[in-house]
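To convert, note that position 104 of the sequence shown is 104 in this note's numbering; the numbers rise steadily by one, no gaps.
Please keep in mind that the hints were generated in silico from the structure rather than gathered at the bench. Worth double-checking, as some hints may not be accurate.
Said to hold, decoys possible - With a straight-line cut-off of 20 angstroms between C-alpha atoms, the simulated DMTMM-like cross-links for lysine to aspartate or glutamate are:
#: 1; residue 1: K119; residue 2: D133
#: 2; residue 1: K2; residue 2: D226
#: 3; residue 1: K2; residue 2: E227
#: 4; residue 1: K216; residue 2: D298
#: 5; residue 1: K216; residue 2: E148
#: 6; residue 1: K22; residue 2: E309
#: 7; residue 1: K216; residue 2: D133
#: 8; residue 1: K21; residue 2: E9
#: 9; residue 1: K269; residue 2: E9
#: 10; residue 1: K2; residue 2: D266
#: 11; residue 1: K21; residue 2: D133
#: 12; residue 1: K216; residue 2: E309
#: 13; residue 1: K216; residue 2: E227
#: 14; residue 1: K2; residue 2: D290
#: 15; residue 1: K216; residue 2: D90
#: 16; residue 1: K216; residue 2: D226
#: 17; residue 1: K2; residue 2: E309
#: 18; residue 1: K216; residue 2: D229
#: 19; residue 1: K21; residue 2: D266
#: 20; residue 1: K22; residue 2: E115
What the hints assert, rightly or not - Beta-carbon label-pair distances, calculated as ranges:
#: 21; residue 1: A240; residue 2: S180; range: 32 to 42 angstroms
#: 22; residue 1: A160; residue 2: A308; range: 40 to 50 angstroms
#: 23; residue 1: L55; residue 2: Q301; range: 38 to 48 angstroms
#: 24; residue 1: D226; residue 2: L179; range: 17 to 27 angstroms
#: 25; residue 1: Q26; residue 2: W47; range: 29 to 39 angstroms
#: 26; residue 1: G137; residue 2: H18; range: 42 to 52 angstroms
#: 27; residue 1: A138; residue 2: L179; range: 19 to 29 angstroms
#: 28; residue 1: H53; residue 2: P228; range: 15 to 25 angstroms
Where a beta carbon is used, it is the ideal one built from N, C-alpha and C, also for glycine.
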Amino acid sequence: MKRAPWVRELISAGNAYHYLKKVPWQHNLLNLSMTGVVLGGIGLVFWAGLHMHPLVYLPLAALALGHLYFALFILVIHECSHNMYVLSSDRSRAHRLNRWIGVVAATPLFTNYIEHWEKGHRIHHLHPGAPQDLQVGATFTGPALWRELRLLALVPGYGARHNPSGLYASSRPIVAVALSGWLLLSAAFVWSGAWAVPLAALWAFNVLQALNLLKKSLEHGAELLDEPDAAFRTRSYFPALGALISPFNINYHFEHHLNFTVPWYDLPKYHAAVAARVPASLHGHVFNMDTLGHLNGDRPQYDAALRAEIAGTSPSLDERAVS
Numbered sequence: 001m002k003r004a005p006w007v008r009e010l011i012s013a014g015n016a017y018h019y020l021k022k023v024p025w026q027h028n029l030l031n032l033s034m035t036g037v038v039l040g041g042i043g044l045v046f047w048a049g050l051h052m053h054p055l056v057y058l059p060l061a062a063l064a065l066g067h068l069y070f071a072l073f074i075l076v077i078h079e080c081s082h083n084m085y086v087l088s089s090d091r092s093r094a095h096r097l098n099r100w101i102g103v104v105a106a107t108p109l110f111t112n113y114i115e116h117w118e119k120g121h122r123i124h125h126l127h128p129g130a131p132q133d134l135q136v137g138a139t140f141t142g143p144a145l146w147r148e149l150r151l152l153a154l155v156p157g158y159g160a161r162h163n164p165s166g167l168y169a170s171s172r173p174i175v176a177v178a179l180s181g182w183l184l185l186s187a188a189f190v191w192s193g194a195w196a197v198p199l200a201a202l203w204a205f206n207v208l209q210a211l212n213l214l215k216k217s218l219e220h221g222a223e224l225l226d227e228p229d230a231a232f233r234t235r236s237y238f239p240a241l242g243a244l245i246s247p248f249n250i251n252y253h254f255e256h257h258l259n260f261t262v263p264w265y266d267l268p269k270y271h272a273a274v275a276a277r278v279p280a281s282l283h284g285h286v287f288n289m290d291t292l293g294h295l296n297g298d299r300p301q302y303d304a305a306l307r308a309e310i311a312g313t314s315p316s317l318d319e320r321a322v323s
């Protein structure tokens, strides 16, 4: 794929923030501390179920837990898949640690870390939207998206339909382990009289999948996966609800696909470097400020002139002036 020099500069600009340039203990302390906050939030929501009226607790807890599960995916599982959740001077040791942590974090969420994240996420970055990319799957926009969101809001257990780990035969033991753990936890809360806690924890998986559908649509939906250049099969997006919809800067997705060695906390800096280099004619395409328009499938795609600019085959400004 032919690319304009400025596109290659965007990719290279991310190397200034490469995770291998970080001080391991500082990087690890930040990630572990933030993980503690997320896990503490989950524990706090569970504890609240012992003290709140069930009918008040159930919807509020489901929403809170769904967002916290989603944050756990972004911070831990996603960063582990890039070998940058925890760092070590011994890269082989770092890989083993990231794999182990990824498996431990993904299993309670009924997720096959090895197949869908360690292997699948790499495929997704190298070949986004290709048949072998099982991470994207179906991207919903417009009426189809709103239909799925309604079903996720109203039908208990419907989120299992959107769990891609079901595509892998090796997921069966993972499901068995996760289900056993959740049943034991549910029994403990029911015995304590807090029956709403396991119901909220189950409903939260629907919230998790709703957030993931929104994320996939904003990142790769509205026919973006048909773009010739793989780096432009995604957008960055800036939703009104900010961190609730896109925790840990996952909304800087154009930048992340340009250079996936940048840790989550440096993506805003990388975004600033990228924004300074992207031609003005492309800003409205790669940086999506019209979140609702994209979800409705109304965002315009790249036309021939913009694709020529990406490929470096359009005339320069000087040549245009002469002509």
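Hints, one by one, checked against the model:
1. K119 x D133: 10 angstroms, holds
2. K2 x D226: Given that 20 angstroms is the threshold and the Cα spacing comes to 16 angstroms, the pair holds.
3. K2 x E227: 13 angstroms, holds
4. K216 x D298: 16 angstroms, holds
5. K216 x E148: The given pair, whose Cα atoms are some 13 angstroms apart, holds under the 20 angstroms limit.
6. K22 x E309: 34 angstroms, violated
7. K216 x D133: 13 angstroms, holds
8. K21 x E9: 19 angstroms, holds
9. K269 x E9: 15 angstroms, holds
10. K2 x D266: 28 angstroms, violated
11. K21 x D133: 30 angstroms, violated
12. K216 x E309: Given pair K216, E309 is violated - Cα atoms ~26 angstroms apart, limit 20 angstroms.
13. K216 x E227: 16 angstroms, holds
14. K2 x D290: 29 angstroms, violated
15. K216 x D90: With a Cα-Cα distance of about 34 angstroms, the restraint between K216 and D90 is violated, given a limit of 20 angstroms.
16. K216 x D226: 15 angstroms, holds
17. K2 x E309: 11 angstroms, holds
18. K216 x D229: 18 angstroms, holds
19. K21 x D266: 12 angstroms, holds
20. K22 x E115: Violated: K22 and E115 sit about 28 angstroms apart, past 20 angstroms.
21. A240 x S180: 32 to 42 angstroms: Cβ of A240 to Cβ of S180: about 40 angstroms, so the range 32 to 42 angstroms holds.
22. A160 x A308: 40 to 50 angstroms: 44 angstroms, holds
23. L55 x Q301: 38 to 48 angstroms: Holds - the Cβ-Cβ distance for L55 and Q301, about 46 angstroms, lies within 38 to 48 angstroms.
24. D226 x L179: 17 to 27 angstroms: 38 angstroms, violated
25. Q26 x W47: 29 to 39 angstroms: 31 angstroms, holds
26. G137 x H18: 42 to 52 angstroms: At 30 angstroms between Cβs, range violated.
27. A138 x L179: 19 to 29 angstroms: 25 angstroms, holds
28. H53 x P228: 15 to 25 angstroms: Given range 15 to 25 angstroms: violated, Cβ gap about 56 angstroms.
Consistency note: the structure conflicts with the earlier hints numbered 6, 10, 11, 12, 14, 15, 20, 24, 26 and 28.
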